[in-house]
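Asks: Generate the whole structure from the sequences, applying the supplied hints.
Chains W and P, in that order, give the protein sequences. Reading the first sequence from the start, the letters are residues 1 to 419 in the numbering used here. Reading the second sequence from the start, the letters are residues 1 to 103 in the numbering used here.
Heads up, a few of these hints could be off.
Unchecked claim - 25 Å max Cα-Cα, derived SDA-like pairs, lysine to any residue:
| hint | chain 1 | residue 1 | chain 2 | residue 2 |
| --- | --- | --- | --- | --- |
| 1 | W | 222 | P | 81 |
| 2 | W | 222 | P | 66 |
| 3 | W | 222 | P | 73 |
| 4 | W | 217 | W | 165 |
| 5 | W | 222 | P | 68 |
| 6 | W | 222 | P | 37 |
| 7 | W | 222 | P | 67 |
| 8 | W | 222 | P | 101 |
| 9 | W | 222 | P | 72 |
| 10 | W | 222 | P | 54 |
| 11 | W | 222 | W | 61 |
| 12 | W | 217 | W | 169 |
| 13 | W | 222 | P | 70 |
| 14 | W | 217 | W | 228 |
| 15 | W | 217 | W | 308 |
| 16 | W | 217 | W | 263 |
| 17 | W | 222 | P | 71 |
What the hints assert, rightly or not - Chain W is nowhere near these chain P residues, computed Cβ spacing over 12 Å in every case:
| hint | residue |
| --- | --- |
| 18 | 29 |
| 19 | 49 |
| 20 | 61 |
| 21 | 62 |
| 22 | 78 |
No lab work stands behind these hints: they were computed from the structure. Just so it is clear, CB atoms sit at the ideal spot from N, CA and C, and this is done for glycine as well.
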Amino acid sequence: MTTRRQLLGGFAALATVALPAAVRAASARVVIVGGGFAGASCALALRRIAPALELAVVEPRGTFLTGPFSNAALAGLIGPERIRARPGDGLRRHGIRWFAQAAVALDPVARELRLADGRRLRAERIVVAPGIDFVYEAIDGLSAANSDAVPHAWRIDGQFARLRAQLDALPDGATVLIAAPPNPYRCPPGPYERASLFAWHAQRRGLRRRIVIADAKDDFSKRAAFMASWNALYPGMIEWWPRAQGGAVVAVDVAARRVHLAGGETVHAALLSLIPPQRAAAFARDADLADASGWCPVEPLGFESTRHPGIHVLGDACIAAPMPKSAFAANNQGKACALAIAHRLAGETPPAALLLNTCYSLLAPDYALSISGSYRAVGGRLNELSSGLSPAHADPALRELEARHAEGWQAQLLRDSFG
Amino acid sequence: MLLRLPAALLFGSCALAPLPAAAASGACPNPELSLGCGSCHGAAPDALPALPRAPAPALYARLARLRDAPYTGTVMPRLLAGLDDQTLQALAAAIACERGGAP
Ligand SMILES: Cc1cc2nc3c(=O)[nH]c(=O)nc-3n(C[C@H](O)[C@H](O)[C@H](O)COP(=O)(O)OP(=O)(O)OC[C@H]3O[C@@H](n4cnc5c(N)ncnc54)[C@H](O)[C@@H]3O)c2cc1C
Numbered sequence: 001m002t003t004r005r006q007l008l009g010g011f012a013a014l015a016t017v018a019l020p021a022a023v024r025a026a027s028a029r030v031v032i033v034g035g036g037f038a039g040a041s042c043a044l045a046l047r048r049i050a051p052a053l054e055l056a057v058v059e060p061r062g063t064f065l066t067g068p069f070s071n072a073a074l075a076g077l078i079g080p081e082r083i084r085a086r087p088g089d090g091l092r093r094h095g096i097r098w099f100a101q102a103a104v105a106l107d108p109v110a111r112e113l114r115l116a117d118g119r120r121l122r123a124e125r126i127v128v129a130p131g132i133d134f135v136y137e138a139i140d141g142l143s144a145a146n147s148d149a150v151p152h153a154w155r156i157d158g159q160f161a162r163l164r165a166q167l168d169a170l171p172d173g174a175t176v177l178i179a180a181p182p183n184p185y186r187c188p189p190g191p192y193e194r195a196s197l198f199a200w201h202a203q204r205r206g207l208r209r210r211i212v213i214a215d216a217k218d219d220f221s222k223r224a225a226f227m228a229s230w231n232a233l234y235p236g237m238i239e240w241w242p243r244a245q246g247g248a249v250v251a252v253d254v255a256a257r258r259v260h261l262a263g264g265e266t267v268h269a270a271l272l273s274l275i276p277p278q279r280a281a282a283f284a285r286d287a288d289l290a291d292a293s294g295w296c297p298v299e300p301l302g303f304e305s306t307r308h309p310g311i312h313v314l315g316d317a318c319i320a321a322p323m324p325k326s327a328f329a330a331n332n333q334g335k336a337c338a339l340a341i342a343h344r345l346a347g348e349t350p351p352a353a354l355l356l357n358t359c360y361s362l363l364a365p366d367y368a369l370s371i372s373g374s375y376r377a378v379g380g381r382l383n384e385l386s387s388g389l390s391p392a393h394a395d396p397a398l399r400e401l402e403a404r405h406a407e408g409w410q411a412q413l414l415r416d417s418f419g
Numbered sequence: 001m002l003l004r005l006p007a008a009l010l011f012g013s014c015a016l017a018p019l020p021a022a023a024a025s026g027a028c029p030n031p032e033l034s035l036g037c038g039s040c041h042g043a044a045p046d047a048l049p050a051l052p053r054a055p056a057p058a059l060y061a062r063l064a065r066l067r068d069a070p071y072t073g074t075v076m077p078r079l080l081a082g083l084d085d086q087t088l089q090a091l092a093a094a095i096a097c098e099r100g101g102a103p
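Replies: Okay, here's the thing in structure tokens:
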């Protein structure tokens, strides 16, 4: 595939190429469903790139808690205000119309949306960024209705306060079980960061605690570094039971707080945090944007649906492998999609964006691990250009330095995404 | 309470200023390369150091140093590792323009 830049030749030409006037002047209506990291980033970027566009965002939540650092907020390491987003404020400040309600249906061929209040919106381009849903029925005995008692808090929202209250009420010597889901899912290092900070929560109070991670996988993000760090920080407190050892949770008795594992074992725990398998949010699946995997296939330049042209799917809902399902990836995809939409509306082929991801996991206030990668579309596929993670064994000074970087990263990611 | 960071690993911090006119009007080159920078480097309190205001060749030299530094375990060398010199020059040109440094 030949990109615009390759056609223009070397660096000397590049430095003089700005956005074509037609791209800047694109005037059309673009509607975005979902004002999370992906949708809000895309809206703000579209406003900057093509100011003449008529933009609207459909998002029912005026304020919500966000994922990055939510485990730290659960454990009381930071206050919840540090992870709060108010997408409506930023959107209005930038003159972007906000419909504070849910979109209930999308006709992907007519490109028409129906909102909860019955209103219909047509647009030249529609961006769908609704996040994830949970496949509760994959664990026997678990349902959307009883999940609150064994909270995953993986969409933060109402379960966040429940999980925090359960954690704070744990007595000395309690067993905690965290069920980690199979791939792919939102925030690959998240369950292991949660186990770490639940251990910090106990250590800080001088309580004994046993934390079991019952895993549906045999490996996880930053595993070597996590396990070496658990030995150093919380010796003997965290156990990881991989799938190969029968660790996957197959059934739960919510009332009795008891899980049954694939290996035949039964575990009773004072606190169960069952993170179910995941798929794209219902809105995207109902609009015929998902394939048999439950996730939405897209092309890699502008994250346009390969099933319905003119509809873009961003963030956790789309298949962007090798990018992980993270807030940072969603933010970068939002910007790349905005650039692509402006080009397409002007009849131009969009340039291949350089997409980045960095995720920090906090294991203690002065101790963080990171993973990062860079990605770019080559030959119709999203390729990983580079990747790397914190060393498995390192000086405490490096862990502390990464913890300070993590604080800066979280604060700016929130600001960059929500304005 | 930022630790002192190894000088070679960080962009220097510099005063924040409104976006230069060139960036705001879309006249800056290669926006597709620089779009990830602002996810970490920006105006949030506690943000990592802002991108420096400097001419493109100086930025290129700094980016190349970051990319080629011996591995120390922080993120910038990993993020730049896959970029060839030409792409890094184009990225430097984008950042220089967006930050209002000379081309
Ligand atoms: C415990 C935990 C820790 C995490 N830590 C990190 C981290 O350290 N770093 C990181 O990068 N990521 C982290 N994440 C992941 C991050 O939160 C997600 O990847 C990110 O939120 C994905 O963004 P999104 O825009 O795709 O979805 P979301 O942020 O979920 O946004 C989707 C939005 O769509 C709205 N919506 C849904 N349906 C409709 C509809 N029908 N109509 C209108 N609106 C609708 C929802 O209300 C929601 O606001 C973490 C997640 C968790 C759970």
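Asks: Now tell me if each hint is right for this structure.
Replies: Okay, the hints, checked on the actual structure:
{"no.": "1", "hint": "222(W) to 81(P)", "verdict": "holds (19 Å)"}
{"no.": "2", "hint": "222(W) to 66(P)", "verdict": "holds (23 Å)"}
{"no.": "3", "hint": "222(W) to 73(P)", "verdict": "holds (13 Å)"}
{"no.": "4", "hint": "217(W) to 165(W)", "verdict": "violated (28 Å)"}
{"no.": "5", "hint": "222(W) to 68(P)", "verdict": "holds (23 Å)"}
{"no.": "6", "hint": "222(W) to 37(P)", "verdict": "holds (23 Å)"}
{"no.": "7", "hint": "222(W) to 67(P)", "verdict": "holds (22 Å)"}
{"no.": "8", "hint": "222(W) to 101(P)", "verdict": "violated (38 Å)"}
{"no.": "9", "hint": "222(W) to 72(P)", "verdict": "holds (16 Å)"}
{"no.": "10", "hint": "222(W) to 54(P)", "verdict": "violated (36 Å)"}
{"no.": "11", "hint": "222(W) to 61(W)", "verdict": "violated (33 Å)"}
{"no.": "12", "hint": "217(W) to 169(W)", "verdict": "violated (30 Å)"}
{"no.": "13", "hint": "222(W) to 70(P)", "verdict": "holds (21 Å)"}
{"no.": "14", "hint": "217(W) to 228(W)", "verdict": "holds (19 Å)"}
{"no.": "15", "hint": "217(W) to 308(W)", "verdict": "violated (33 Å)"}
{"no.": "16", "hint": "217(W) to 263(W)", "verdict": "holds (13 Å)"}
{"no.": "17", "hint": "222(W) to 71(P)", "verdict": "holds (17 Å)"}
{"no.": "18", "hint": "29", "verdict": "violated (5 Å)"}
{"no.": "19", "hint": "49", "verdict": "violated (8 Å)"}
{"no.": "20", "hint": "61", "verdict": "holds (14 Å)"}
{"no.": "21", "hint": "62", "verdict": "holds (17 Å)"}
{"no.": "22", "hint": "78", "verdict": "violated (3 Å)"}
In summary, the numbered hints that this structure violates are 4, 8, 10, 11, 12, 15, 18, 19, 22.
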